[in-house]
Each structure stands twice: as structure tokens, then as C-alpha cells.
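Trainee: Here the protein sequences come in this chain order: A and B.
Quick note on my numbering: the first sequence kicks off at 1 and runs consecutively.
Quick note on my numbering: the second sequence kicks off at 1 and runs consecutively.
Warning: the hint list may mix true and false statements.
[Said to hold, decoys possible] The calculated label-pair distances, taken between Cβ atoms and stated as ranges, are: (1) Gly259/A <-> Val31/B: 28 to 34 Å; (2) Gln113/A <-> Pro291/B: 24 to 30 Å; (3) Lys298/A <-> Val15/B: 51 to 57 Å; (4) Val305/B <-> Lys231/A: 35 to 41 Å; (5) Pro95/B <-> Glu50/A: 38 to 44 Å; (6) Asp115/A <-> Pro95/B: 49 to 55 Å; (7) Asn207/A <-> Pro95/B: 40 to 46 Å; (8) Gln55/A <-> Val297/B: 48 to 54 Å; (9) Gln121/B <-> Gln113/A: 41 to 47 Å; (10) Pro95/B <-> Lys284/A: 56 to 62 Å; (11) Leu181/B <-> Thr91/A: 54 to 60 Å.
Derived by calculation from the structure, the hints in this document are not laboratory data.
Glycine is no exception: its CB is placed at the ideal position from the N, C-alpha and C atoms.
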Amino acid sequence: MTKTLMSTVAALAISATAAMAEGETVGFAQIGSESGWRAAETTLTRQQAEDRGYQLQFSDAQQKQENQIAAIRSFVAQGVDAILLAPVVATGWDSVLEEAKEAEIPVVLLDRQVDSSDDLYLTAVGSNLVHEGEVAGQWLAETVGDKECRIVELQGTTGSSPAIDRKTGFENAIKGHDNLEIVRSQTGDFTRAQGKEVMESFLQAENGGKDICALYAHNDDMAVGAIQAIKEAGLKPGTDILVVSIDAVPDLFQAMAAGEANATVELTPNMAGPAFDALEAYWKDGTMPEKFIQTESKLYTQSDDPQGEYDRRKDLGY
Amino acid sequence: MTLLKRIAPQLIALVALIALVSIVFPGFLSVQFIDGRLVGPVIDVVKRGAPVALLAVGMTLVIATRGIDLSVGTIMAICGAVAAAALAGGWGMAPALAAGMLTGAAAGLWNGVLVTVIGIQPFVATLILMTMGRGIAQLITEGRILTFTDPGFAWFGSGTLLGLPVPAWLWLLTGAGVALLMRRTALGLLIESIGINRRASALAGVNATVLLIAVYMASGLCAALAGIVVTADIRGADANNAGLWLELDAILAVVIGGNSLLGGRFSIIASLIGAMIIQTIDTGILLAGFPSEYNLVIKAGLVLVILVLQSPRIAAEWRLWRDSHRVDREARLEGKAR
Numbered sequence: 001m002t003k004t005l006m007s008t009v010a011a012l013a014i015s016a017t018a019a020m021a022e023g024e025t026v027g028f029a030q031i032g033s034e035s036g037w038r039a040a041e042t043t044l045t046r047q048q049a050e051d052r053g054y055q056l057q058f059s060d061a062q063q064k065q066e067n068q069i070a071a072i073r074s075f076v077a078q079g080v081d082a083i084l085l086a087p088v089v090a091t092g093w094d095s096v097l098e099e100a101k102e103a104e105i106p107v108v109l110l111d112r113q114v115d116s117s118d119d120l121y122l123t124a125v126g127s128n129l130v131h132e133g134e135v136a137g138q139w140l141a142e143t144v145g146d147k148e149c150r151i152v153e154l155q156g157t158t159g160s161s162p163a164i165d166r167k168t169g170f171e172n173a174i175k176g177h178d179n180l181e182i183v184r185s186q187t188g189d190f191t192r193a194q195g196k197e198v199m200e201s202f203l204q205a206e207n208g209g210k211d212i213c214a215l216y217a218h219n220d221d222m223a224v225g226a227i228q229a230i231k232e233a234g235l236k237p238g239t240d241i242l243v244v245s246i247d248a249v250p251d252l253f254q255a256m257a258a259g260e261a262n263a264t265v266e267l268t269p270n271m272a273g274p275a276f277d278a279l280e281a282y283w284k285d286g287t288m289p290e291k292f293i294q295t296e297s298k299l300y301t302q303s304d305d306p307q308g309e310y311d312r313r314k315d316l317g318y
Numbered sequence: 001m002t003l004l005k006r007i008a009p010q011l012i013a014l015v016a017l018i019a020l021v022s023i024v025f026p027g028f029l030s031v032q033f034i035d036g037r038l039v040g041p042v043i044d045v046v047k048r049g050a051p052v053a054l055l056a057v058g059m060t061l062v063i064a065t066r067g068i069d070l071s072v073g074t075i076m077a078i079c080g081a082v083a084a085a086a087l088a089g090g091w092g093m094a095p096a097l098a099a100g101m102l103t104g105a106a107a108g109l110w111n112g113v114l115v116t117v118i119g120i121q122p123f124v125a126t127l128i129l130m131t132m133g134r135g136i137a138q139l140i141t142e143g144r145i146l147t148f149t150d151p152g153f154a155w156f157g158s159g160t161l162l163g164l165p166v167p168a169w170l171w172l173l174t175g176a177g178v179a180l181l182m183r184r185t186a187l188g189l190l191i192e193s194i195g196i197n198r199r200a201s202a203l204a205g206v207n208a209t210v211l212l213i214a215v216y217m218a219s220g221l222c223a224a225l226a227g228i229v230v231t232a233d234i235r236g237a238d239a240n241n242a243g244l245w246l247e248l249d250a251i252l253a254v255v256i257g258g259n260s261l262l263g264g265r266f267s268i269i270a271s272l273i274g275a276m277i278i279q280t281i282d283t284g285i286l287l288a289g290f291p292s293e294y295n296l297v298i299k300a301g302l303v304l305v306i307l308v309l310q311s312p313r314i315a316a317e318w319r320l321w322r323d324s325h326r327v328d329r330e331a332r333l334e335g336k337a338r
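Work out the full structure, taking the sequences as your base and the hints as a guide.
Mentor: Take a look at the structure:
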């Protein structure tokens with residue numbers, strides 16, 4: 001008796017929320033909080049949901065797929081209006097995505113992809129890593145112009161997809177500019193300490209850094225480490241050696257504000273914004289979005305108010 | 001003279017390695033004096049080798065007692081995080097340093113008590129802190145890279161004293177101090193006796209429990225110093241990456257230093273040379289400009305060659321071969337003489 005009553009109440013509650021224009025409930029199966037970027041993504045998703053008046057059910061899977069699957073099942077049981085999923089791994093999602101599909105709940109993938117058939121999810125929002133590298137390379141090619149430029153490159157973790165794709169993109173962009181040449185390229189493992197150590201060896205190997213015209217780092221943390229190495233070698237980062245990197249984390253804006261870095265390409269943590277836009281269109285009249293929504297890879301330079309950008313980002317949890 | 005004989009294999013390996021690196025990067029040994037400090041690849045080696053060298057000092061003692069300390073890399077991360085948090089909290093440099101070192105001592109105490117009082121095997125006891133500790137460090141930094149600007153603290157990572165980088169001074173002084181303490185007093189002998197036979201040493205009147213706890217605390221303190229160096233170097237505590245896998249490099253340094261993992265006789269100086277050998281390989285690879293996919297393979301290959309050449313069996317074979325040749329030659333000479 002109580003059971004029937006409860007389920008009736010629950011059903012009523014669900015239909016009531018669905019009927020309300022802006023009262024949608026969205027479940028978010030987040031990976032965890034392994035990096036500052038991930039924390040910022042969570043913060044921004046919460047903000048976006050609040051701004052749009054959604055109820056956000058948040059689940060932190062602590063880097064475990066089984067926790068994410070359990071979270072999705074509970075979202076389906078609750079009858080949420082949509083599910084956001086940042087999949088921790090690419091495989092093993094078929095059955096749980098089918099359960100969501102049978103319950104007619106649209107699933108949007110954030111930031112990472114899955115190997116399942118693409119009719120099991122509404123769309124995927126993410127950045128294009130190759131494109132990020134291209135934006136960085138184009139900036140450098142335009143900035144340097146016709147001058148000879150010897151570039152050193154700090155790669156990400158050897159074999160990781162961001163390292164491979166950001167390298168490819170950058171090389172694509174500088175192809176055809178014969179005055180640009182990557183003279184040294186080594187892995188800095190995406191960390192500050194390694195970025196600094198490897199940059200020191202680049203400086204030693206290239207005539208105390210006098211032969212280096214620009215540094216391209218696959219992420220901002222390595223660039224921040226390298227900037228310290230350049231300073232300790234008695235050169236001016238940003239002037240003697242141009243610094244361009246990818247991610248747009250707050251500390252790099254600080255370096256840009258101090259004139260020590262030149263440009264960064266944003267990997268936006270606001271994946272939820274485009275996801276919610278697509279969901280709203282779908283809820284309204286069933287519009288199916290493209291299967292992949294590429295986020296903008298925006299370029300920030302010293303003229304884009306780096307201090308202001310720093311202030312805007314520093315509390316996002318990076 | 002006995003010391004020189006003890007460290008001869010390590011010295012020969014280091015010299016051979018430097019010669020090898022100089023072939024692929026000719027300017028390796030060039031050192032310049034710029035702005036009151038020495039600059040050159042070799043100086044980078046003694047500076048960058050500081051964390052592993054510091055860890056190797058403590059690790060040598062622990063291994064001499066037939067133990068092992070897998071938690072040192074993690075202790076580095078925790079101590080760096082504590083020091084950075086103290087600086088961010090406005091404590092100032094000296095209290096931040098003290099907090100970092102105390103944390104290292106506490107971590108060592110924890111390991112020592114687990115090993116001696118509770119009786120857990122060192123491998124397992126220190127594995128606990130190794131896996132758990134990074135979480136503690138992340139809790140302290142709240143998962144971010146905790147940055148600070150205190151120039152006094154940063155001096156420990158990137159400052160210069162009398163022309164040499166401060167991290168180099170730290171490991172040289174720590175190494176010399178501990179080595180003297182071990183050899184000018186009976187401490188070294190007592191530690192070796194525990195490593196060879198703890199029960200017999202205890203029966204002979206050595207307070208093995210206290211000494212073992214002290215050794216693990218010394219290892220914790222060395223790790224704390226290493227953590228302070230890497231944190232000061234990048235002016236930020238990176239809980240995810242600080243000291244990651246460095247415990248393995250430290251153990252490798254001790255092994256390259258010719259110390260037995262079964263405990264007993266040890267040489268801190270040989271371990272320090274081992275640490276420099278590892279760093280020379282690392283820096284040499286970076287300077288040589290090979291694609292980064294080859295880094296680990298080259299490192300593994302060189303370490304293998306060094307360890308094979310040092311192995312007692314190869315040494316015995318070599319002596320046998322040399323002696324047989326000498327006999328041959330003498331026989332021939334004798335034949336000629338007749």
C-alpha cells in the first residue's frame with residue numbers, strides 16, 4: 001500500500017517537474033576530481049545548472065567506472081530529464097546506455113568519448129586536441145612573421161592522446177613556414193617540475209638559450225615550470241623567448257599579466273554550457289544535435305586582459 | 001685507501017658515463033661562471049640529482065638494516081604540501097621549514113613503529129604510507145598545485161651559495177654529515193649488525209628497536225628535505241607528481257652504489273655516486289636530443305650494463321680470465337727466456 005502510494009507520489013513529482021518550464025532535473029556522472037581542470041568543470045557545470053534553474057544531481061565516481069554505472073542507474077531510477085556523463089574509460093558503456101535509452105532519457109557525453117554506438121547517446125561535447133595545437137602554431141607563425149625561429153617543444157606524457165594530437169596540430173600549423181623549425185622536443189610529463197628540468201637542458205643545449213626563439217608547451221603547467229628555468233638562466237621569458245602553451249589555467253594568466261608568457265589556447269572547462277543548449281533544443285521540439293559538438297579553442301594573449309581572466313578563474317577550483 | 005677501493009667501481013662507471021655523454025653532447029663538461037654562479041650541464045646534474053641523492057642517504061641506512069622504505073616519494077609530497085600550506089597560511093619561512101621537517105620525522109616514526117613494534121615487514125609497512133600518503137598530500141593542497149611566492153623558501157630550490165646551487169649543498173652536506181656520524185661513531189657498525197642479524201645484535205645488547213625507529217626517521221627526514229627542495233624549486237606543492245616513483249630511483253642509487261639489499265655493510269658515498277650516475281643518465285638523455293620515446297629504454301639499458309659489470313660473478317670471471325692470461329704470458333715469457 002505504502003509502496004504504491006510512494007510510487008504514485010514519485011510519478012506525480014516527476015511529471016510535475018517535467019511540466020515546469022525550467023525545473024528539469026539533470027544527473028551529472030562526473031569522473032572525480034583528479035585535476036584542477038576537472039574541479040573547474042564541476043564548478044562550472046553547477047553554475048550553469050543554477051543559472052538555468054535546473055536541479056543538478058551530482059555524482060563523484062572517484063575515478064571508478066562501476067561508480068559511474070551505478071550513478072547512471074540511480075539517475076534512470078529517479079527518472080531525471082537528462083544525464084551528463086564524463087566517461088572515465090571508453091569501453092563498457094553499452095548496457096547502461098541502453099537502459100537510459102529505454103527510459104527515454106537523453107545522455108550527453110562531456111569531454112571524453114565512448115566506444116559505444118552513437119545512437120545510444122544524444123551528443124558528445126568536447127574539444128579537438130589537434131585543433132588546439134593548430135591554434136597555438138598559427139599564433140606563433142603570425143607573431144614571428146618572416147624571422148628565423150628555432151622552437152623548443154615540451155611534450156606531454158609520451159604516448160598520451162593530448163601529447164600526440166597537440167604535437168600533430170602544431171606541426172600542421174607551422175608546415176609551410178620554412179623559417180619555423182622545432183629544434184628540440186622532449187617530454188615534460190605535463191608537470192611543472194619536469195617542464196622546468198627539461199627546459200634547463202634545452203637552454204644548456206642551445207647556447208644558454210640564446211639560440212631559442214620560442215617555446216611551445218603542451219600544457220600550461222610545463223610552461224610555468226619552463227618560465228622559471230628561463231628566468232634563472234638570466235633570460236626574459238615572453239621577450240627573449242616567446243612562450244605559447246595550451247589549457248588556459250589561472251597561473252598562466254598571472255604569468256601573462258607579468259609579461260612572462262605570450263599566449264595560451266583555452267581548453268574550456270565549460271562543457272556543460274553547450275551540452276545544456278543542445279538539451280534545451282531537444283526538450284523543446286526534439287531537435288537532434290550533431291553527434292559531436294566541438295568547444296571553442298579560444299586563444300588568449302597578453303592583450304586579452306590576463307589579470308581580469310586570472311581573477312575570473314582563480315576561484316573555479318583549478 | 002679502503003674507501004677508494006670500495007667506491008672504485010662506481011667512480012669508474014661514472015667516469016665512463018660522462019665520457020659517453022660527452023661523445024653525444026660535446027659541451028657536457030664545460031662550466032662557466034656567470035653572475036656569481038657556476039653554469040653548465042654538470043652543475044645541472046648535481047642540482048637535479050639532489051632529491052634522489054638525499055633520498056639515497058636515508059635509503060642506504062634503511063637497506064643496511066635489511067629493510068626498505070617505499071614511502072619516501074610520498075613523504076616528499078606530504079612534506080612539500082605541509083610546507084607550502086604553512087607558507088600560504090602566512091607562517092613565514094622558518095616555521096614552514098620546521099613544519100615540513102617535523103612531518104617527515106613523524107612519517108618516519110610511523111614507518112619505524114610499524115616495522116619494529118608491530119612487526120610488519122618493511123616492504124608492506126612502508127607500502128601503506130606510499131599508497132595512502134599521496135591522498136593526505138592531496139587533502140592538504142585540496143587537489144590543486146599550491147603556489148607561494150616566499151623568496152626565502154624558494155632559495156632552497158633555486159638559490160645559489162658560493163657559486164653552487166643550494167640543492168647541491170644540501171645533499172653534499174647531508175651526505176657528508178651522515179657518513180661521518182656513521183663512521184666516526186659506532187652507529188654505522190650497530191646498524192650493520194642489525195642488518196646482518198637483528199636477534200643476535202639484540203642479544204648482544206644493541207637496542208635494535210630504538211635504532212631501527214631512528215633509521216626510519218632519518219629516512220623520513222631526508223625525504224622531507226628532498227620534498228622541500230622540489231617544492232621550493234617550482235614554488236608550488238604538486239601533490240600528484242612531487243616525488244612520484246623517486247623511491248625506485250633511490251633504491252636503484254643504493255644498488256648501483258654496490259650495497260646489498262640483504263642488509264649489512266653499506267657505503268653512503270657509493271650510494272651518492274649511484275645517485276649522480278642516475279642523474280647523469282637522465283640529463284645526458286635530455287641533452288642528447290633523442291625522441292622522448294627512447295628515454296626509458298636508454299636509461300634501462302645503461303643501468304643494466306652498469307649493474308652487470310658490477311656483479312660479483314662477472315668480476316670473478318674477469319679475474320679468472322686475467323689470471324689465466326697472466327699465467328699464459330708468463331709461461332710464454334719463460335719459454336722465450338729459455
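Trainee: The structure should be examined with respect to each hint, and the outcome stated for every one.
Mentor: The hints, checked one at a time:
Between Gly259/A and Val31/B the Cβ separation comes to about 31 Å, which falls inside the hinted range of 28 to 34 Å. Judged by the Cβ atoms, the range 24 to 30 Å given for Gln113/A and Pro291/B holds: they are separated by roughly 28 Å. Under the hint 51 to 57 Å, the C-beta atoms of Lys298/A and Val15/B, about 53 Å apart, fit the expected range. One distance hint, 35 to 41 Å for the beta-carbon pair Val305/B and Lys231/A, holds here, with the actual separation near 38 Å.
Separated by about 40 Å at the C-beta atoms, Pro95/B and Glu50/A satisfy the suggested range of 38 to 44 Å. Between Asp115/A and Pro95/B the Cβ separation comes to about 52 Å, which falls inside the hinted range of 49 to 55 Å. Against the hinted window of 40 to 46 Å, the Cβ-Cβ separation of Asn207/A and Pro95/B comes to about 42 Å, which satisfies the hint. Between Gln55/A and Val297/B the beta carbon distance is about 53 Å. The supplied range of 48 to 54 Å therefore holds.
Under the hint 41 to 47 Å, the C-beta atoms of Gln121/B and Gln113/A, about 44 Å apart, fit the expected range. At roughly 59 Å, the beta carbons of Pro95/B and Lys284/A sit within the given window of 56 to 62 Å. At about 56 Å, the beta-carbon gap between Leu181/B and Thr91/A stays in the expected band of 54 to 60 Å.
Figure legend: structure checked against the earlier numbered hints; every hint is met.
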